[in-house]
Amino acid sequence: MLDKYLTVAVFLFGTVGFVLVTLFVAKLLRPARPSEIKLQNYECGESPVGSSWVQFNVRFYIFALLFVIFDVETVFIFPWAVVYDTLGWFGFIEMTIFLAILIYGLVYAWKKGVLKWV
Amino acid sequence: MFLGIELPQIVLSAIYFALTLGVVLLMALFLVWWERKVSAHIQVRFGPMMTGKWHGWSQTLADALKLLQKEDIVPRAADKGVYFWAPVIVFGATMMTFVVIPWSPRFIAADLNVGILYIIAITTFTIISLLMAGWGSNNKYSLLGGMRSAAQIVSYEVPLTLSIMGVVLLAQSLSMQDIVADQNKFWNWNIIRQPLGFLVYLVAATAEVNRTPFDLPEAEQELVAGFNVEYSGMKFAMFFLAEFVNMFVVAAIATALFLGGWWGPFGNESLGWLWFVLKSMGVVFVLMWFRWTYPRLRVDHLMEFAWKWLLPLAFLNLLATGLIYNLVK
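Line by line, the protein sequences give chains Z and E. Take the first sequence: its position 72, counting from 1, is numbered 72 in this note's numbering, and each next residue is one higher. Take the second sequence: its position 233, counting from 1, is numbered 233 in this note's numbering, and each next residue is one higher.
None of these hints come from the bench; they were simulated from the model. Check each hint, because a few of them may be wrong.
[Stated by the list, open to error] Examples of chain E residues lying across from chain Z (beta carbon under 7 Å, computed):
#: 1; residue: ALA151
#: 2; residue: GLN172
#: 3; residue: ASP300
[Said to hold, decoys possible] Computed footprint of chain Z on chain E, listed as stretches where at least three residues anywhere in the stretch have a Cβ under 8 Å from a Cβ of chain Z:
#: 4; segment: 57-63
#: 5; segment: 92-104
Cβ atoms here follow ideal geometry from the backbone N, Cα and C, with glycine treated the same way.
Input sequences plus hints: build the corresponding full structure.
Following this line, the structure appears as structure tokens:
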């Protein structure tokens, strides 16, 4: 079983190696004439104003939180789906209750106006 | 086993990797050319016609050679490490999914028993690389593009995963080969058994690969090019390559999960890879068709569509599948 993950490892190192080699070959072929103006950040032809590493709007974090909740829940559904045949009606009722709680959470977030992108 | 010869696992894996890489690179060259042709014909123009005489078939080859010789400009203000590794990760995450793509009954690099879960885990790395590109460039357009794409991909990830769950339930397995083998007759294809699931998957997958009508992250009219504004030369080429290969990946997953994978109307299993590629290319064509037909969504509509429409639909699909499965058993 574990030897299948050897293939995954080969793909991982192979791909990273391929990209690094390609970038290296390009480095040998291409010109490199940096200048002060060229190394500035692009901002529609103006010199950039300040850094762009600033604080974000909080709405991104709210959606990240929602994602964590619903994605962790799918981790619970995966094993349930795989053995569903043996669980039968017990599995169905159990999952209905579990999903009902989650859907209630979604409705709560909806009512609170969290799902609104403002 | 490869062509009837017994080889050590590591050599076998290397062969699979080399074959996959070759196929993927050729395919990316073809897809870029094809996209330009499709878009041109939808807009009643010709597209590339000059390079290589016949319908400009070698246009993307010429583009690749040009990109190879282009100067690589790294902005002085950039976070060098993050900036450098972003294109490596984006291409790596795309290539890694090919480990479990079932090309034919016997040709699959490794039929992991967690196949589909593995794909979902690996494709998530794309989000990280886009955020790295956006943040590392220290450019306002890049940052906005990176944040937008993270928010979008993360939102559509949930309905995507849930729509796949219905298929897993029917096949009682996470392995890609088991899921394909389960769809042995045309009326057993999951597009017939899971029409709603297929619809949710297709919409969510289009959003996952940032294509129109969901291409907010790179919305060229407002963000120039989004997260890859500051990338040039070969690093830009890696993002471009990954984007097109990703499009094929979601099409191939749609084929394996919903369109019967390598099962074809006639011929034995040695023709499996042909059916698989034909069906995947069909789905890719549909994605291109979307892109050149629909306008871009507004950002608030985009986010609310994921949470208020697709997610409840995906829940409904999963519960209905469970109910019907028990009723007909």
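Exercise. Hint by hint, which ones does the structure fall short of?
Worked result: Checked against the structure, the only hint that fails is number 4, while the rest are satisfied.
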